[in-house]
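If you read the protein sequences in the order shown, they are chains S and L. Under my numbering, the first residue of the first sequence carries the number 1, and numbering increases by one thereafter. Under my numbering, the first residue of the second sequence carries the number 1, and numbering increases by one thereafter.
Quick caveat, the hints were computed from the structure, so don't treat them as lab data. Here a beta-carbon is modelled for each residue, glycine too, at the ideal position from N, C-alpha and C. One should not assume that every hint holds.
To be verified - No farther apart than 20 Å at their CA atoms in a straight line, the calculated lysine to aspartate or glutamate pairs in the EDC-like style are these:
#1 S/LYS192 with L/GLU679
#2 L/LYS604 with L/GLU55
#3 L/LYS441 with S/ASP407
#4 L/LYS90 with L/GLU72
#5 L/LYS38 with L/GLU994
#6 L/LYS949 with S/ASP33
#7 L/LYS377 with L/GLU263
#8 L/LYS380 with L/GLU263
#9 L/LYS554 with S/ASP29
#10 L/LYS121 with L/ASP484
#11 S/LYS366 with L/GLU439
#12 S/LYS26 with L/ASP552
#13 L/LYS554 with S/ASP544
#14 L/LYS949 with S/ASP544
#15 L/LYS949 with S/ASP546
#16 L/LYS259 with L/ASP269
#17 L/LYS921 with S/GLU599
#18 L/LYS554 with L/GLU508
#19 L/LYS757 with L/GLU703
#20 S/LYS365 with L/GLU439
#21 L/LYS932 with L/ASP917
#22 L/LYS949 with S/ASP343
#23 L/LYS121 with L/GLU231
#24 L/LYS945 with S/ASP348
#25 L/LYS434 with L/ASP423
#26 S/LYS182 with S/ASP266
#27 L/LYS426 with L/ASP324
#28 L/LYS1004 with L/GLU263
#29 S/LYS26 with L/ASP666
#30 S/LYS366 with S/ASP343
#31 L/LYS581 with S/ASP546
#32 L/LYS377 with L/ASP479
To be verified - Computed far set for chain L versus chain S, every beta-carbon distance over 10 Å:
#33 LYS42
#34 VAL266
#35 GLY652
#36 TYR705
#37 THR742
#38 ASN839
#39 LEU868
Here are the chains, one letter per residue:
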Amino acid sequence: MNFVMKKISHLILMVILALSLNSCSKWLDVNVDPSNPTNVVASVAARLPWIQHAYGYAYGSASATAATITGHLATASTNGAYETWSPGTGAGPTTPYQQWFVDGASNVQDLITKAKAEQAWHYIGAAHTVNAMGFILQADVYGEMPYKEAVSNALAPKYDDGKTIYEGCLEELDSAIFFFQKVQPATATPLKAGDNWNGGDVQKWIKLCYGLKARCYNNMSKKSAMYKPADILEAISKGPQSNTDGTVINHIDSANDMVGDPLIGDPLKTSFIFDVAAWGSWGRIAKWYLDLLENTYTGGSGVEDPRTSKLVPSAQHHMQVPDKANPGQFKDSVYFVRTKGVDLIKSDIKLTGGPLAPNYNTTTKKWYVTTSNPARLGDTAYLQIRSLCAMIAGAGYNEVSTRTWGDGTVMTTGTFYSRPDSPTDVLTYHEMCFIKAEVMFRQGNKPGALAAYKEGVKAHMELMNAKLKTWAGDKLNPDRNPMKDSDITAFLASPAIAQTTTELTMAKIMQQKFIAMSFTVQNWNDMRRFNYSTPGAFGVVYPDFDRPMAFSSTSTQYFPGASKTDENYWFRRFKQCSHEINYNQESLKASNSKALLPEIWSVPVWWDKAE
Amino acid sequence: MYVSQKVTGKFKLLILPVLALFLISGTLMAQNIRVTGKVIDKTGQPLMGVSVLIEGTRTGVATELDGTFSMEVPANAVLQFSAIGMENLKETVNNRKVINVTMSESTVFLDELVVTALGIKKEKKALGYAVQDIKGAEILKNKSSNVINSLSGKIAGVNITQSSGAAGVGASILIRGGTSLERDNQPLFVVDGIIYDNSTPIGGNSGFDGAIRTATTNSNRIMDINPEDVENMSILKGPAAAALYGSKAAAGVVIITTKKGQEGNVRVDFSTKFASSWVNRLPEQQDQYGRGYYEQTGLFNDYSTGSWGKKLTSADQIYNNIKDFFQTGTVVDNSLSVSGGNKNGTFYLSASRFDQKGIVPTTGYDKTTVRFNGDQKYGKFAIGANVSYSIANTDKTLTSGGLYGSGGTGAMNSVYRWARTEDMTKYLNADGTKYRMFEGKQVLADDVENPYWILNKNVLNDKTNRFTGAVNASYKLADWFNIDYRIGYDNYSTNNYTFIAPNGAVKETFQNGKLSDSDYMYEYLSSNLMLNFHKTIADFDLNLLLGQSMEDTKTRTERRNGYNFATEGFYSYENIAAGDKFFQSLASSRRLMGVYGELRAAYKNIAYLTVTSRNDWTSTLPVANRSYFYPSVSGSFVFTELMPKSDILSFGKVRASWARVGKDTDPYATATTLWSPREFLSGVGTGNAWTRGNPYLLPEISESYEFGLELRFFKGRLGVDYTYYNNQSKDQITTPRLSQTTGYILLSTNVGQITNKGMELSITGKPIETKDFSWDMALNVAGNRGRVSGLLTGQNVLYVTDVQIGNAKAASFNNGLFMGISGSEWTRDKDGNVILDANTGMPTSSGLTTLQIGNREPTLSGGFNNSLQYKNWNLSFLLDFRLGGDIYNGTDYWMTSQGMSLRSQDRESLTINGVVDSGTKDANGAVIYSPKTFTYEAGKMYDIKSGTKIIQQSGEYLIRNYWTSSYANESANYMTNTNILRLRSISLSYNLPERIIKRQNIIKGASATLTGSNLFLLTNYKGMDPETSAAGSGVTGSSSVGMDYCGVPATAGFSVGINLTF
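Could you put the whole structure together from the sequences, leaning on the hints where they help?
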């Protein structure tokens, strides 16, 4: 009996052991997600579009915010933290940071690893290029940012100063050029398969890298030891030499663009400026920008730029006119009225609850504003810059992005850069021209500067018109039609444009650069480099610009400077976003003694500090 | 190989002494005779459920309702009568055929048995840790569709929070605080030996179909159990008690034993209940001001849903929209069971149907259950089976938030904001088209949706079908050795269905209707083998248990959504074009294997020692870390055994335990995954998801110790049980938010520690006991202190829910509170004066919303349970109480922002006291503040410096700004340190006297019960019922308990029930 019991006990224990020993390990190997692939499997051609989109969105988002700081855009009554220069004691903008790091930078190393394995050198080049662009953006808008420890094993990455980031990124651009110049084996994925920017044209990528270098070098204009005009001119000579050399993303407006990016949920083929500035109803044109176009700023020529109606919205109005065919009868006649610019600087509109949303009565065919406040009744003049896309319009979208009221009346014609199918200028020939003009002007080479300046204006107008021609024939929206070549020629010869070296000023160069580079962070960079409207070596470069009328005693804590010559009089950077303040505070504190103080908004970023 | 070596090593250690120890067996049987009898107590009342056992065997029966029993026994057998609370009694049969006995109450409950881990019944005095159990009858006293609600206030250290008063709503249960920062802190539920899933599957997924977490109420799945089926619930509070269950039991265990048939005649039990419930408390609202607002200029504007409008006069029609919205809820609850058995087998078969109509129109919950429990003996072999099937359906409503990104608002959210000058019931025009408050003034997507539209046009429901089954077999190889094997299966599928009707105030894409639904399928299979050895050597009683278990859990989620119905008025996926339909399919699998052992030793009735150890292998951790071992040791010492017998101190015991428990992680946390691919301008792209995988994860480890003291006085008429515990949960697997410069938003990592320290005290007493009248009472009090430490550098706050109300959020703080509230504060000078904006006079704020402003954990909570018996009448009432602990009144915040709260009624004038920057600085460069008072009155204009200009601003505008903006920046303004005294239930029942029952043969027992629940609530909290949890029961970590935000209000009610036994 005992013997039997022992046997049975033994047997059972053996079963347990057998289960545990032999099959256990295999039985437990079920920890591979059957639904989602892991990071090691993504192909290079699938990664690159993702990273390109992430950078583009980050840049677009930062650009829209910058536009409200630089007097380009105004916002509806309920918005306006940046345009009123009261950005808040809390955190700064999140999107440029989040889009870049989470959607973009996290993929760079995985892309490089995969590309190395198949010797797809051009993808490594592209990875370095976009990575450099992403981090330069961070340095430009936030000042300091983790770079060396970013996307590493560090859970609380330490910050690097702007100089470190700039130097690192310039090195990355050099190594990108190196990889682009390498010949890929035939087995490697061709760049074309995953390139949303240049269609796999390696030469355009190389020009992009040199152009970026020129931009970076030029951004160091306040650094006496590092500002090297010769280097800039050399980089320009290797950058885009014509409009077709530039890197421009040709977005499309598609009814099928319904699956958004995971972070924001916006469509993936539309222009970034549309996504961030013209999706909703907040965007208006600021008067300062409209004045640049209409040349109605102090001392302006008064000659209207033919690009004006393309870059600011108009709206359709109805009028009853005598019907000649039926005497005594009236008929409906439509006409377009251009938006008024919101005067942030000299009017109290933001202090009195404006501008309110324009509304339209489809029965009376009249525009109105829902308010009892007489001061706000005229706000119908301030048009929204919004457009439509599939994700907003819903199923059955007809790919007509122009917003209309219920009776088909055009609510707003939108703007050239803020429609779903607008182009995104990543780096263009005209930017090279304006950098060249600036550098030569500084060197005292006035004829060279004048030529480059005029070439820049012309190049931008031609680039715009090339796009406008693809939209030509839009019956609904007159602004989606090309400019007349004769208007361009006439304008280029008009007093609005400096025709002689004596007429040429830095202000004139930067006016045209601002227009040509609408909706870019670079405009803000430039404004900061010239200290906005503070008189300097080149006089006042951005005339009429000043802190807004709504600048309040609360704003003083962010911008304590008392006069224009105080560097902290001006908007100099974004404060770090809440994720850094909340989750990386020790590193953040160490990055800048004022990192957490309200006045950080007016602390110059590295290249903005003269030395 | 690493794994195998470890196992072998451990087994050698345990096996050898065991095999050497157990050597004897054999039982002899004699001639059998049939014995009948009746068991009564000293008052002559029959005792039911008394165990009558043939000594030295496992053969026995339990007495019937009338105290009778009947069984075949050997003529020379000794019968052992035992019942909880009674002195054991032995009677030698000695060829007698009728044996009637009278049992007397036990003085010290010496042989009180409790169900412990793995269903092992142990004498309570042998335990080195706290276990409390609760009988089925007690659960039924305040029966709820959710059995865990019936635990409320009855057990020290157990906190139950019913999320709201909605039909079918879930409740969360927390034992001794939480052990995980971010993962589920609900205890493990074990029903008849099989782990029973109690998760709260959330139907929506904001990323996929836009339904967000806070948007509705969800059921926790223990609700699938029919409370009538419950025989006993045993609560194992700490890791020591639960160590044998392994990983999943770190947060404690609730063991539910369902009813079994009794040997004897077939018995039929029928119970029916009707209940009616109504809103317990509504939020206070103002009734003085109408819709609209005053602009900065002082001009009135009625283009607003808010109630910052004109002062109402007697001529104005005022609607009681909130009050009129809720209806009386009802419950009809029927349950029937048939049970019986003979000496070799028993069966229990039950069916129930529960129908609830919610207090929110169109909402409801119903549940149908069927259960079969049976067992059969064949000599030394016994086999049993438990099978149950349930169907649960909920019709619910959106509470807040609506659909993410859709522009829609939730029904409840709208109810609390609807202006009193508007008739909320008007959601349709006379011609049946939709009524819109601002028709022609704004686009549909910007509308605030009328709650009646949501309820009557949209559909939101869920359906759950669940099957659970278990088969267990045991074989008694010898007196000292038996083998148990159990295989269990738990399977359910929940379908969540959402329909948004056309013309809804949602984003344009969905305005032609939207359909979304999801199926969540859960499947769990377990196998458990146990070898039990028992041996008595001299004064030592030894038990050894060896076991092995395997668990396999699979889930699958299938989601579909689509919008834009092609044919008007017909709503199906087939009526949607292919491009507007989406689906998602996700699966997960996890496996766990454990090997465990337990050695128990008892010395006389004096000293007890238990040692357990377990090793788990999990599929979810990295291969190198997948094996983890954890032991426990516990002991107790009955010191009164060594003292002279005393009538004052009848029983005294000290106990102590130490335990460690490991816990694995969720599947697939070890690798970074990719986003599903998306189409770009050219080509398809993908990128890394925002959660970073971690191939170095370790198991979470909880270590705890506890001490207890148990005393019984006056022959058990007064009992005191005290416990102190300390539980440290280390190497927490959290997925903290990171600096996104890491490239990720979240990362699974081992970081942080939670320490829970607490005390529990139970006092039981029987102050009055006479022949006709007795009074039993039980008071329990507990307090827990949950603290967090060791989180990442710079990471001071951890959020587990999306619930953000104003600036306040449920949060855990590093080096701070586990159940904290984060929020913002007004800035103050060094003397504590509020710093005001020098121009507007409004309090200023730093803008930081991560400050620790409150603690949701009560200082003390407990219950006082009473049962008064007079002859056949029983009056029971349960008071529960809570002292301290903050509740954030987000509903009040919301209503204030809309000008609807009572506090926002105070708007004729506003005086703000504080200090302003004097413009001067002291010697240290610090700003000197000077006191200043600002007063604004409605109807007046004020010159406010704004920028470089003076702007005229109306008093109404400034006062509104104060309430809607500045006031909320001091989050604590909406927070209350809450004390609660609640009459949770009171019930009166009457048992039909035996003399009446004896007159007929049909009914064997009858009783009627009248129960009131939540009839009395005394609290300093001003909002709705303070028992609330904004995001429901499915939230992990510190949960959203204590966050009140626009939920369905809790209810009070009456029920009447009848129980009949045939």
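Hints versus structure:
1. S/LYS192 with L/GLU679: 16 Å, holds
2. L/LYS604 with L/GLU55: Holds: L/LYS604 and L/GLU55 sit about 19 Å apart, inside 20 Å.
3. L/LYS441 with S/ASP407: 15 Å, holds
4. L/LYS90 with L/GLU72: Between L/LYS90 and L/GLU72 the Cα gap is close to 17 Å, so the pair holds against 20 Å.
5. L/LYS38 with L/GLU994: Satisfied, since the Cα-Cα distance of roughly 14 Å is no more than 20 Å.
6. L/LYS949 with S/ASP33: 62 Å, violated
7. L/LYS377 with L/GLU263: Distance ~13 Å between L/LYS377 and L/GLU263 Cα, so the pair holds.
8. L/LYS380 with L/GLU263: 18 Å, holds
9. L/LYS554 with S/ASP29: With Cα atoms ~14 Å apart, L/LYS554 and S/ASP29 stay inside 20 Å; holds.
10. L/LYS121 with L/ASP484: 14 Å, holds
11. S/LYS366 with L/GLU439: At roughly 17 Å apart (the allowed maximum being 20 Å), L/GLU439 and S/LYS366 satisfy the hint.
12. S/LYS26 with L/ASP552: Within the cut-off at roughly 13 Å; holds.
13. L/LYS554 with S/ASP544: Since the Cα atoms of L/LYS554 and S/ASP544 sit roughly 68 Å apart, the hinted pair is violated (cutoff 20 Å).
14. L/LYS949 with S/ASP544: 19 Å, holds
15. L/LYS949 with S/ASP546: 15 Å, holds
16. L/LYS259 with L/ASP269: 12 Å, holds
17. L/LYS921 with S/GLU599: 18 Å, holds
18. L/LYS554 with L/GLU508: 38 Å, violated
19. L/LYS757 with L/GLU703: Since the Cα atoms of L/LYS757 and L/GLU703 sit roughly 12 Å apart, the hinted pair holds (cutoff 20 Å).
20. S/LYS365 with L/GLU439: 16 Å, holds
21. L/LYS932 with L/ASP917: Answer holds: L/LYS932 to L/ASP917 is near 10 Å, not above 20 Å.
22. L/LYS949 with S/ASP343: Status holds; Cα separation ~15 Å.
23. L/LYS121 with L/GLU231: 14 Å, holds
24. L/LYS945 with S/ASP348: Holds - the C-alpha atoms of S/ASP348 and L/LYS945 are around 12 Å apart, at most 20 Å.
25. L/LYS434 with L/ASP423: Holds - the C-alpha atoms of L/ASP423 and L/LYS434 are around 14 Å apart, at most 20 Å.
26. S/LYS182 with S/ASP266: Given pair S/LYS182, S/ASP266 is violated - Cα atoms ~36 Å apart, limit 20 Å.
27. L/LYS426 with L/ASP324: 13 Å, holds
28. L/LYS1004 with L/GLU263: 16 Å, holds
29. S/LYS26 with L/ASP666: The hint holds at about 19 Å.
30. S/LYS366 with S/ASP343: 24 Å, violated
31. L/LYS581 with S/ASP546: Status violated; Cα separation ~51 Å.
32. L/LYS377 with L/ASP479: 16 Å, holds
33. LYS42: 46 Å, holds
34. VAL266: Given that every Cβ of chain S is farther than 10 Å from that of L/VAL266, nearest at about 38 Å, it holds.
35. GLY652: 40 Å, holds
36. TYR705: 30 Å, holds
37. THR742: 6 Å, violated
38. ASN839: Answer for L/ASN839: violated, closest chain S Cβ roughly 5 Å.
39. LEU868: At roughly 53 Å from the nearest Cβ of chain S, L/LEU868 sits farther out than 10 Å, so the non-interface label holds.
Hint compliance for this structure: hints 6, 13, 18, 26, 30, 31, 37 and 38 are broken, all remaining hints hold.
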